[in-house]
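Below, each chain spelled out in residue letters.
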Amino acid sequence: GAVVSQHPSWVICKSGTSVKIECRSLDFQATTMFWYRQFPKQSLMLMATSNEGSKATYEQGVEKDKFLINHASLTLSTLTVTSAHPEDSSFYICSAWDSRYPNQPQHFGDGTRLSIL
Amino acid sequence: DQQVKQNSPSLSVQEGRISILNCDYTNSMFDYFLWYKKYPAEGPTFLISISSIKDKNEDGRFTVFLNKSAKHLSLHIVPSQPGDSAVYFCAASFNFGNEKLTFGTGTRLTIIP
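Chains as they are written, first to last, in our numbering: chain C, 22 to 138; chain V, 9 to 121.
To be clear, the hints were calculated from the coordinates, so they are not data collected in a lab.
Treat the hints with care, since some could be wrong.
No more than 30 Å apart at the CA atoms, straight line, and that leaves these computed lysine-lysine pairs for DSS-like [what the hints assert, rightly or not]:
| hint | chain 1 | residue 1 | chain 2 | residue 2 |
| --- | --- | --- | --- | --- |
| 1 | C | Lys41 | V | Lys108 |
| 2 | C | Lys85 | V | Lys13 |
| 3 | C | Lys85 | V | Lys76 |
| 4 | C | Lys76 | V | Lys108 |
| 5 | V | Lys108 | C | Lys87 |
| 6 | C | Lys41 | V | Lys79 |
| 7 | V | Lys79 | C | Lys62 |
Treat the numbers as computed from the prediction; the structure is a model and nothing was measured.
With these hints in hand, go ahead and build the complete structure from the sequences.
Shown next, in the form of structure tokens:
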């Protein structure tokens, strides 16, 4: 079945650095991918919708200049957290839908745990 | 504005018994509802879904019930097994498939052997 892969699974970095997270659909093409964020013991909150070949659509309250999304191909979307600070520490998860199987829901990656020191 | 809510943050159930997880929503425009199971540091795993035109959907040990007038859905797991221990999220969307999901706050289910 369809698989969504995220990389890296865990990253620790210093405050002020930028971090790039990749989301790949391994055996299908995804014109749309979704990026979610989960803080400890909280719900998954949609950050943005990533559209292949066009600009991402950000949810209210999400800074587009801080969370850069690039969906350059039909199998890859990247989320770059620019000038990361401790409050950006969270669990970031992407999802994608395989249009070959319209009766199946979105598939989620295993997430990326980001820790900013 | 939490459009999807799970009012029970945790639930403990004896192995073999029925687990009932509840979810309420406020937006009547939601058309599809889904339940996901999640372990720490992993992505959500899809369990079962239901369209707003139905009131029940069953898949093995999992059954989802939808009460549109009450804007309420529930997930029944029977019989409950130790491997069912996880955090369960309900989610809602305006369409199925390629549509953003609005997640509930989650319920931690613990199955007691």
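These are the hints, each one checked on the structure:
| no. | hint | verdict |
| --- | --- | --- |
| 1 | Lys41/C with Lys108/V | holds, 22 Å |
| 2 | Lys85/C with Lys13/V | holds, 27 Å |
| 3 | Lys85/C with Lys76/V | violated, 36 Å |
| 4 | Lys76/C with Lys108/V | holds, 16 Å |
| 5 | Lys108/V with Lys87/C | holds, 21 Å |
| 6 | Lys41/C with Lys79/V | violated, 39 Å |
| 7 | Lys79/V with Lys62/C | holds, 24 Å |
In this structure, the hints that do not hold are numbers 3 and 6, in rising order.
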